[in-house]
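Peer 1: Now for the letters of each chain:
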Amino acid sequence: MEFIRVVAPDRQFAGNALEWALDREIELARMAVQVSKDRIKEFEDKYGRSLRSALVRRGKVDELDLAEWEGEVEALDRLKRKVAALKDIRIWNE
Amino acid sequence: MERIGDRFLVITTAIEAMPAVDRKRLTLDERDHQVGVIRGEVVFIDGSCFRFMEHLDLNAPDFRRRYAYEYRRRPAGALVFRYDNVAHEELEELQTFPHHVHRGITDRIECAEPPDAVELLDGLRRQIQVDRRPAPARPVRVAERKIAG
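Protein chains in written order, with our numbering: chain A, 1 to 94; chain B, 1 to 149.
Hints in this document: simulated from the structure, not taken from any laboratory. Please note: incorrect hints may appear among the correct ones.
[What the hints assert, rightly or not] Derived contacts from chain B toward chain A, CB cut-off under 10 Å, selection only:
| id | residue |
| --- | --- |
| 1 | Arg39 |
| 2 | Asn59 |
| 3 | Asp122 |
[To be verified] Derived coverage of chain A by chain B (criterion: at least 3 residues anywhere in the stretch with Cβ under 8 Å from a Cβ of chain B; other residues may be distant):
| id | segment |
| --- | --- |
| 4 | 64–71 |
| 5 | 74–85 |
All values derive from a computational prediction rather than experimental measurement. Each residue gets a CB set at the ideal place from its N, CA and C atoms; glycine is no exception.
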């Protein structure tokens with residue numbers, strides 16, 4: 001674990017503000033995860049769960065959709081890691 | 001660039017400058033301040049169509065994690081170009097892998113660095129202006145008059 005120090009005129013106020021901001025950031029990241037999952041499901045509903053290479057070979061997939069689909073799978077992974085990293089942040093306000 | 005909205009503004013401004021647009025559709029799907037998707041379709045009055053998608057993560061060194069820019073002409077939507085970085089296994093030998101371009105109706109694949117979307121639109125704008133330039137006036141043939149000697 002690493003530590004950062006925050007300087008503020010009112011410790012209580014700053015602590016509450018940081019906790020609130022962190023909670024909001026976690027909520028936003030969770031919502032982003034859900035949006036990514038929904039979008040991936042839209043692609044799977046549209047094209048099925050066939051192997052990507054099979055879809056491309058058969059010319060069954062719009063290449064713009066394919067690029068976005070790949071981007072979405074990668075984004076989902078990054079967003080999940082972001083949620084985990086945010087949840088690991090602890091604020092001590094003693 | 002700090003926010004997804006900044007990128008959206010850049011693209012929107014470039015599209016607003018395009019001539020001969022019949023209709024357009026642009027969407028910004030903002031996941032958080034730095035992650036999001038921009039999609040768009042511009043149909044020109046000659047029926048040709050530019051479609052694009054950018055999956056963005058402004059935290060990444062190459063902020064366009066995935067992209068595709070496609071231009072098709074009438075008739076029957078013949079492909080002119082499509083730049084994208086979909087990682088097709090069969091293209092791993094390409095020097096610019098996964099970046100490449102598909103060209104023409106034969107879908108010829110070539111190496112290509114990621115293009116600048118604004119430059120692509122600018123190229124299309126210049127091409128469309130050339131295509132729409134009025135044809136030069138034909139020289140008027142003056143009837144020769146034979147003067148009887």
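Peer 1: If a hint holds in the structure, say so; if it doesn't, say that too.
Peer 2: Comparing the hints with the structure gives:
no., hint, in the structure
1, Arg39, "holds, 7 Å"
2, Asn59, "holds, 8 Å"
3, Asp122, "violated, 21 Å"
4, 64–71, "holds (count 6)"
5, 74–85, "holds (count 4)"
The structure does not agree with numbered hint 3 stated previously, though it agrees with all others.
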